[in-house]
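Using the hints provided, position chain B relative to the given structure of chain A.
Respectively, the protein sequence lines represent chains A and B. Residue numbering for the first sequence follows this note's numbering, beginning at 0 and increasing consecutively. Residue numbering for the second sequence follows this note's numbering, beginning at 3 and increasing consecutively.
By construction, these hints were calculated from the structure, which means they are not laboratory data. Since the model is a prediction, treat every value here as computed from it, not as a measurement. From the three backbone atoms N, C-alpha and C, an ideal C-beta is built for every residue, glycine too. You may find that some hints are simply not true.
What the hints assert, rightly or not - Here are the simulated distance ranges between beta carbons: (1) B:R89 x A:V44: 23 to 29 Å; (2) A:V44 x B:G18: 23 to 29 Å; (3) B:P43 x A:G58: 48 to 54 Å; (4) B:Q15 x A:S12: 46 to 52 Å; (5) B:Q15 x A:P6: 33 to 39 Å; (6) B:Q5 x A:S60: 21 to 27 Å.
Stated by the list, open to error - Computed cross-link-like contacts, EDC-like style, restricted to lysine to aspartate or glutamate with a CA-CA straight-line distance of at most 16 Å: (7) A:K67 x A:E54; (8) A:K105 x A:E84; (9) A:K105 x A:E54; (10) B:K78 x B:D56; (11) B:K45 x B:E91; (12) A:K46 x B:E91; (13) A:K46 x B:D109; (14) A:K46 x A:E82; (15) A:K46 x B:E3.
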Amino acid sequence: QSALTQPASVSGSPGQSITISCTGTSSDVGNHNLVSWYQHLPGQVPKVIIYEVSERPSGVSTRFSGSKSGNTASLTISGLQSEDESYYYCCSYVSGATWVFGGGTKVTVL
Amino acid sequence: EVQLVESGGGLVQPGGSQRLTCAASAFRFSSNWMHWVRQAPGKGLVWVARINSDSSSISYGDSVRGRFTISRDNAKDTVYLQMSSLRAEDTAVYYCVRENRDGYHFDSWGQGTLVTVSS
Chain A
0 QSALTQPASV
10 SGSPGQSITI
20 SCTGTSSDVG
30 NHNLVSWYQH
40 LPGQVPKVII
50 YEVSERPSGV
60 STRFSGSKSG
70 NTASLTISGL
80 QSEDESYYYC
90 CSYVSGATWV
100 FGGGTKVTVL
Chain B
3 EVQLVESGGG
13 LVQPGGSQRL
23 TCAASAFRFS
33 SNWMHWVRQA
43 PGKGLVWVAR
53 INSDSSSISY
63 GDSVRGRFTI
73 SRDNAKDTVY
83 LQMSSLRAED
93 TAVYYCVREN
103 RDGYHFDSWG
113 QGTLVTVSS
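Excised from the complex, chain A in its bound form (with noise of 0.2 Å):
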């Protein structure tokens, strides 16, 4: 169970657009669309922001997207705002009923 792979830090200005990447292999994200997204604010508790690779919880802004291709998952936050800085992190289910998260990704608003 190696934690999924993702970059520590990415940063982008107001209004711009961030991708995330989140890599697994054959046997977590390439073997299911069973990947979901977590921003976790400081001092808060994590919150799904992406299900299934790329559903929206009720409630959660339409500017946060998600995809995949092969072993590699992906989060887009569009229109970047001040309150997406947080760290966010990627989980995948694997077989065997367990489950990996990323590393985790600090996202800064310059």
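Just chain B now, with coordinates in the frame of chain A:
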């Protein structure tokens, strides 16, 4: 509103044991799979363990398998994590997490309880 309240954290010596408790409310607890996820200081989230609705299926992360035991009491709307043979690297905030009934993602998190393993 869904509530998950963890308790049982604290300072424990290496090699010791600790039991975490998560009290759930405001949803049909017996219908949801439950998980524990941890976060070491300054580190990322790590999935720890999962238990299905009737305790017939349980799974663990590699780093805790054989040392930690997850269990639940549906009559008390409570899930537990019994931790033994604790190591310094088990020091973390432990979150109780609800899996969405549609499956495979986590839709509610407790505030977490800090476990510190140190002599």
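Here is how each hint holds up against the structure:
1. B:R89 x A:V44: 23 to 29 Å: holds, 25 Å
2. A:V44 x B:G18: 23 to 29 Å: Since A:V44 and B:G18 have Cβ atoms about 27 Å apart, the given range 23 to 29 Å holds.
3. B:P43 x A:G58: 48 to 54 Å: violated, 30 Å
4. B:Q15 x A:S12: 46 to 52 Å: holds, 49 Å
5. B:Q15 x A:P6: 33 to 39 Å: holds, 38 Å
6. B:Q5 x A:S60: 21 to 27 Å: holds, 25 Å
7. A:K67 x A:E54: holds, 12 Å
8. A:K105 x A:E84: holds, 8 Å
9. A:K105 x A:E54: violated, 22 Å
10. B:K78 x B:D56: holds, 13 Å
11. B:K45 x B:E91: holds, 11 Å
12. A:K46 x B:E91: Since the Cα atoms of A:K46 and B:E91 sit roughly 25 Å apart, the hinted pair is violated (cutoff 16 Å).
13. A:K46 x B:D109: Roughly 7 Å separates the two Cα atoms, so the pair holds.
14. A:K46 x A:E82: Holds - the C-alpha atoms of A:E82 and A:K46 are around 14 Å apart, at most 16 Å.
15. A:K46 x B:E3: This hinted pair holds, its Cα atoms lying about 15 Å apart.
Of the hints listed earlier, those the structure fails to meet are numbers 3, 9 and 12, in rising order.
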